[in-house]
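If you read the protein sequences in the order shown, they are chains B and X. In case it helps, our numbering puts the first sequence at residues 1 to 512. In case it helps, our numbering puts the second sequence at residues 1 to 338.
Read the hints as simulated data drawn from the structure, not as lab findings. The reader is advised that the hints may include incorrect statements.
To be verified - For each label pair, taking beta carbons as the anchor points, the in silico distance ranges come out as: (1) B:Pro330 <-> X:Asp208: 54 to 60 angstroms; (2) X:Glu234 <-> B:Thr27: 50 to 56 angstroms; (3) B:Leu494 <-> X:Ser136: 54 to 60 angstroms.
As the list claims (entries may be wrong) - Far from chain B, by Cβ distances over 12 angstroms, these chain X residues were calculated: (4) Pro209; (5) Pro216; (6) Gly236; (7) Thr255; (8) Ala257; (9) Ala263; (10) Glu307; (11) Gly330.
As the structure is a prediction and not an experimental result, all values here were calculated from the model. Just so you know, even glycine gets a beta-carbon here, dropped at the ideal spot from N, CA and C.
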Amino acid sequence: MATYTDPPTESFRLSQLIYDTRYRSMTIQVVAFILVMLALVILARNVVINLGALGKDFDFGFLFNRAGYDINQRLIEYSNDSTHGRAALVGILNTLLVAFLGCIMATILGVFAGVLRLSNNWLVAKLMSVYVEGFRNIPLLLWIIVIFAIMTESTPQPRDFRGEDAEASMLLFDSVAITNRGIFIPAPVWGDGTLLVVAVFLASLVGIWAFRRYARKRQEATGDILPVFWVSLGLFIIPTLAVYLAFSAAIARDQYPLVAVGAEQGMTLEDYVAENRNPAICALPSTAGVNLSSALRGLDQRADILRVGSAAELQASVASGDCIIAAMPPDMVDEFTGAVDGVEVATLADTVDRGRPLQFERPQLAGFNFEGGVQLRNSLIALWFALSLYTGAFIAEIVRAGILSVSRGQTEASYALGLRPNRTMNLVILPQALRVIIPPLISQYLNLTKNSSLAIAVGYMDVRSTLGGITINQTGRELEGMLLLGLFYLLTSLIISGVMNIYNNSVKLKER
Amino acid sequence: MKKSVFLGTLAVAGLAAGFASAQTLAEVQERGALNCGVTTGLTGFAAPDANGEWAGFDVAICRAVAAAVLGDPMAVEFVPTTGQTRFTALASGEIDVLARNTTWTFSRDVDLSFEFVGVNYYDGQGFMVPRDLGVSSAMELDGATVCIQTGTTTELNLADFFASNNMSYEPVPIETNAEAQQQYLAGACDVYTTDASGLAATRATFEDPSAHVVLPEIISKEPLGPLVRHGDNEWGDIVRWTLNGLISAEELGITSANVMELAAGTENPEINRMLGTEGELGAMLGLESDWLVNVISSVGNYGEIFEGNIGENTPIGLARGLNAQWTDGGLLYSPPFR
Ligand SMILES: N[C@@H](CCC(=O)N[C@@H](CS)C(=O)NCC(=O)O)C(=O)O
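Only chain B is shown next, with the shape it has when bound in the complex (with noise of 0.2 angstroms):
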């Protein structure tokens, strides 16, 4: 382009940067920013000097030195001997656990809520309009401590399932049992050819994924429908319970031999332990320590049972007197005759069953409380259903939205061209109101996470009551642990988002 006349030349004087609209705004910027960054200067300088006033430093060593307090969920190794730096890793596992929990609970419910507050059933419709309203408008804290209050106050204490005509009793052909101290239901214990089956499990994954990438061609093809939901459904099952149950059927009553410290050659189970109390176990395969261990409660014995991942272990472990009863493959008990690294130990006339590929510990009433199997601590439950509760009501508002978003016309057309009302949800309402849900559902995650930190109201050791609460109380290390643990939740925050954002832009409206 050309230019015909040049503009007269006008020197730049100091006023335009007030008065001349072209630079105004970034003087104001600027002055903003210089502002900005000298409070935080003041504020700095003001830390620095009043933490040296008060004769204190600014130091993460504390992470690195002995907790000294116990933490009841954990899911990592932790004890007292751990560091602080533990401590909070078991806190932040605590947390993720929660609002990983919580997210897929509350998006369940949600989308439940918010579907059916839309239904033509007018009961249904204003079920769903209380649990929303009734969620929505009262506050967290108040739904975390009353489900905590009706779990403690209104379930029998694990003593009470003791005796002939106990007060309460298991339930599932007693394998969970529901106390004031939590759920405990059974939990997993892998055994030999776990795997085998865990590699035909995941066959059987490829296989439903391939046949279902069959089925849509050949509906595109031909218009033909397969019965996809039924072969899904089979492949998911029939394989893997076949060779569970081949697996079971071949091993699972091999008899695996006991060693154990200190014992005479051919004793009894029942004699070792009426001299060895409380014994700690260990065992290969896992399964088969389950079994012992089921064996010493029949014994009314509490049997303690030290997971070994191999042969070698197992020997350290009988040798280093970690544990004083063994079960091993016959063919492993020759190198356990006599004596392990100078500790003396002998075969029991007693022997236990190998075990199945997988099969699940069941809690049992022992000592003061259940053991075994999982324990789900009513600060847990009380914690992870109230967040869902409560978010799953706001997500409900969501999905109505979404719904309520695509245009009437779309249903119609859709039912014109004589598709049937489910699919009509799903292939043509759904995919255009999930553009409309994702976005506000990311901030829900995030509420969801960082509301988690109200933990500390039932006692539930998420991070805020390990590194922000305990080891802050016991070092007196406020201002670090506070930046750690505001760290720790904007990055999972902006984590949470990254993710969603990509799975946003996976469904949104494709232009080209």
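Mind docking chain X with the ligand on chain B? Use the hints.
Leaving out everything else, chain X with the ligand in the frame of chain B:
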């Protein structure tokens, strides 16, 4: 959000440190009230009574300091604190004194930078169980579920006790004594553990105290006492000598009933120095000469405070034990007023 958290933390930290070496005495006098940190409620030690007035063994320390400094035992703002919030409250200047059955430990004194002015109750950690649990010794508690207050020495002692006796337990962390009581009574834990005095106080409020037993083992030393911030020694001296004054008064037989009479002058020079008829002790602390007269006439001496709040004639029923005067075989031993 990231910025606001950061700024918030800095601001809190900035505030937290702001009062470190301020003139606490001048501030309290100007304010006309003492800010005193107490428990959220532990009958006998610190709890609001039927009229909503705070009363108890620890509360009496607050009132005594207010009487010494302001001449009015009622000029106290009570700030309820939990095990976790108490130290932040003191360090940040929200309270001037913390009187909340707090154990004097090395790390609290040195690392957290506080000043314990003395011991007003020699205690130790104990265990309470329902009688029908059939437990008679703490050594039988392997596998038990234990309620503990977080942010206390209790939780550290407990971990050590079980580890050194090779036993396992399931901790149930709890914020306040009231919650602990509710959880314990609902049977959500088998055992409640805290300072033995706290156990006695808690048990006294149960519907049927006799259905619960305190086990014989005491697993720790818990010297409980009032504390102030490091750095303001004049203020520390005032609180220290108020406590010593209460203890000496019992030793010398000064009571709330006879203090007015004795303040007119006696044969005993130490009593005279304490009550301001001889010497300048009050002025040295920056207080009126009759500061201890105000204290003792309003709350009584140590023995009166003990008997009135937690002694054997109260529902809590604690014996003097270690907390008797040294002359009676106890550990209470105030340095001389000279
Ligand atoms: N002495 C221990 C424990 C103090 C403590 O927390 N005691 C409990 C029970 S005796 C209490 O005063 N609770 C009152 C409340 O919850 O506010 C410490 O200083 O850490």
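Here is how each hint holds up against the structure:
no. : hint                                      : result
1   : B:Pro330 <-> X:Asp208: 54 to 60 angstroms : 58 angstroms, holds
2   : X:Glu234 <-> B:Thr27: 50 to 56 angstroms  : 52 angstroms, holds
3   : B:Leu494 <-> X:Ser136: 54 to 60 angstroms : 55 angstroms, holds
4   : Pro209                                    : 20 angstroms, holds
5   : Pro216                                    : 19 angstroms, holds
6   : Gly236                                    : 15 angstroms, holds
7   : Thr255                                    : 39 angstroms, holds
8   : Ala257                                    : 43 angstroms, holds
9   : Ala263                                    : 41 angstroms, holds
10  : Glu307                                    : 34 angstroms, holds
11  : Gly330                                    : 31 angstroms, holds
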